[in-house]
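Protein chains: 2
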Amino acid sequence: MIKVVFLGFGNVNSHLFNALHEKTEVSIVQVFNRNFIKMISPFESISFTDDISKIKEADIYIIGIPDDAISSFSESLQFQNKFVVHTSGGAAMNVLSSKNRRGIFYPLQTFSKQRGVDFKEIPICIEAENSSDLELLEKLGKTISEKVIEISSEKKEKLHLAAVFVNNFTNHLYQIGSEILEKDNLPFDLLKPLIMETASKIENLSPEEAQTGPAKRNDKKTIEKHLNLLPEGPHKKLYALFTEQLNQKYGKKL
Amino acid sequence: MIKVVFLGFGNVNSHLFNALHEKTEVSIVQVFNRNFIKMISPFESISFTDDISKIKEADIYIIGIPDDAISSFSESLQFQNKFVVHTSGGAAMNVLSSKNRRGIFYPLQTFSKQRGVDFKEIPICIEAENSSDLELLEKLGKTISEKVIEISSEKKEKLHLAAVFVNNFTNHLYQIGSEILEKDNLPFDLLKPLIMETASKIENLSPEEAQTGPAKRNDKKTIEKHLNLLPEGPHKKLYALFTEQLNQKYGKKL
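Note that the protein sequences, when read in sequence, are chains C and X.
Residues 1 to 254, numbered by UniProt numbering, are exactly what the first sequence covers, in order.
Residues 1 to 254, numbered by UniProt numbering, are exactly what the second sequence covers, in order.
Think of the hints as simulated: they come from the structure by calculation, not from any bench.
No experiment lies behind these values; they were computed from the predicted model shown.
Hints should not be assumed to be uniformly reliable.
Claimed, not checked - Pair ranges (Cβ atoms, derived):
#1 X:K120 to C:E224: 33 to 39 Å
#2 X:I52 to C:E244: 35 to 41 Å
#3 X:T24 to C:P234: 46 to 52 Å
#4 X:S53 to C:D118: 54 to 60 Å
#5 C:D118 to X:K113: 16 to 22 Å
Stated by the list, open to error - Short, incomplete list of chain X residues facing chain C, as computed with Cβ under 7 Å:
#6 D68
#7 T170
#8 I176
#9 L246
Built from N, CA and C at the ideal position, the CB exists for glycine as well.
Please construct the entire structure, taking both the sequences and the accompanying hints into account.
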């Protein structure tokens, strides 16, 4: 049995909680959260606390709080030489206080409160200062995912950067699409099959093979029309920048 | 039986061909293509030609060629008063020669030669100059899709513009993600579950609700780190522009 305490109960930790609490190999000993009042626990057997002095004994302490709070929070913990990990894609392992053994348990996925996730396919990136801790993280990860990989903080940074492009920025493109349609009272639903197919395509094709559109084929007339349809502002700037890059990359001269 | 002739045999028309040729309500009479040699037809019963003077009689002629060639090609057709449509998202109905009855049959999807598509969920946007032609297009559309909608050329332009954002530009973000990982010998596969989940999320959440990440929460430290990881160049420019926009939109001040 791996004994786990969750420190913080935001998006990542609450989804991890849901995934781990029914695993026979895992025992969730406790959840600590500063805003205790925000938690409504249907799990009678699990202890919830907002008192940092009452955190219980565990094999792994999983911190799930905003990146910029990890360092001071880990310093404020009242125990030493325990195994403390964080779940952040953006923060390195060494932001954690060195008074405890350190590690990372980063599920590479986008989490929203309103939506459940299936961890099975989600890569879980792990790192630890020593090999026995790393083994423990691997064991924990494998209870929920088929893809547990060891990765250094340095490489994880790149992975997180790439994730920002393919998730955060992509989602903002969806937002722009929805705003364009909204102005003409067209339903956003019209774009959903295209959005799904765009994502599905790269299961089998590389993004290069999957690329289509006026910018790729340097269709100047369509590009000009689109630029004219867009009012001066941020969306037009993005359109121009993407078009320039696609043009340079695929560069068919007319 | 709706008799159809395909004019051009690129991505869109060849996928439409595959979807329509087995429908009992549709008879594909002929396929015309200038580069006849490029076509290898396993369909013995269907006539293929590269001779514009030998195009056969049909109820609907479907043009599937590059946008900027539609106008002159439709002018070069040697018949009149027939019903001729194009499949382009970017071109208006009136780019077609007025010597024939005009229409649009635009499947809102991304097509690649290497990948089959299921038309059932794909919105098919139709337009025609008269109501009986429109009815015919609706009937044709409904043989392959559950979502046939009438839409004006003007609104279709906006739809196509939105499609460029959510497909072409999104796919380029995948490309950037893959380039970032490639430099560190990390497999692009790591990002695929995230990419699928990003697309799946907006089935139930609005893009606004689904948005996450350092730019949204104005996490200056992570943003700065990412900008430092990116060399001067196009990717960095895109990162900065997206971050600025997300920041302005979700604008949490620190």
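Double-check X:T170 for me: the hint is only fine if its C-beta lies closer than 7 Å to a C-beta in chain C. holds, 5 Å
Could you say whether the range 35 to 41 Å given as a hint is met by the Cβ separation of X:I52 and C:E244? holds, 37 Å
Should the hint that X:K120 and C:E224 are 33 to 39 Å apart at their CB atoms be regarded as holding? Check passed, 35 Å falls within 33 to 39 Å.
Go ahead and decide if the range 54 to 60 Å is satisfied by the Cβ distance of X:S53 to C:D118. holds, 58 Å
Status of the hint placing X:L246 at chain C (closest C-beta pair under 7 Å): Constraint on X:L246 satisfied, holds at 6 Å.
Pairwise beta carbon distance, C:D118 to X:K113, judged against the given window 16 to 22 Å: Since the Cβ atoms of C:D118 and X:K113 sit about 32 Å apart, the hinted range of 16 to 22 Å is violated.
If I claimed the Cβ atoms of X:T24 and C:P234 lie 46 to 52 Å apart, would that claim hold in this structure? holds, 50 Å
Would the hint on X:I176 be counted as holding, given a Cβ-Cβ threshold of 7 Å to chain C? This hint holds: X:I176 lies near chain C, its Cβ roughly 5 Å from the closest one there, short of 7 Å.
Should the hint that X:D68 touches chain C count as held when the rule is a Cβ pair under 7 Å? holds, 6 Å
Against the hints set out earlier in the document, a violation occurs for number 5 only.
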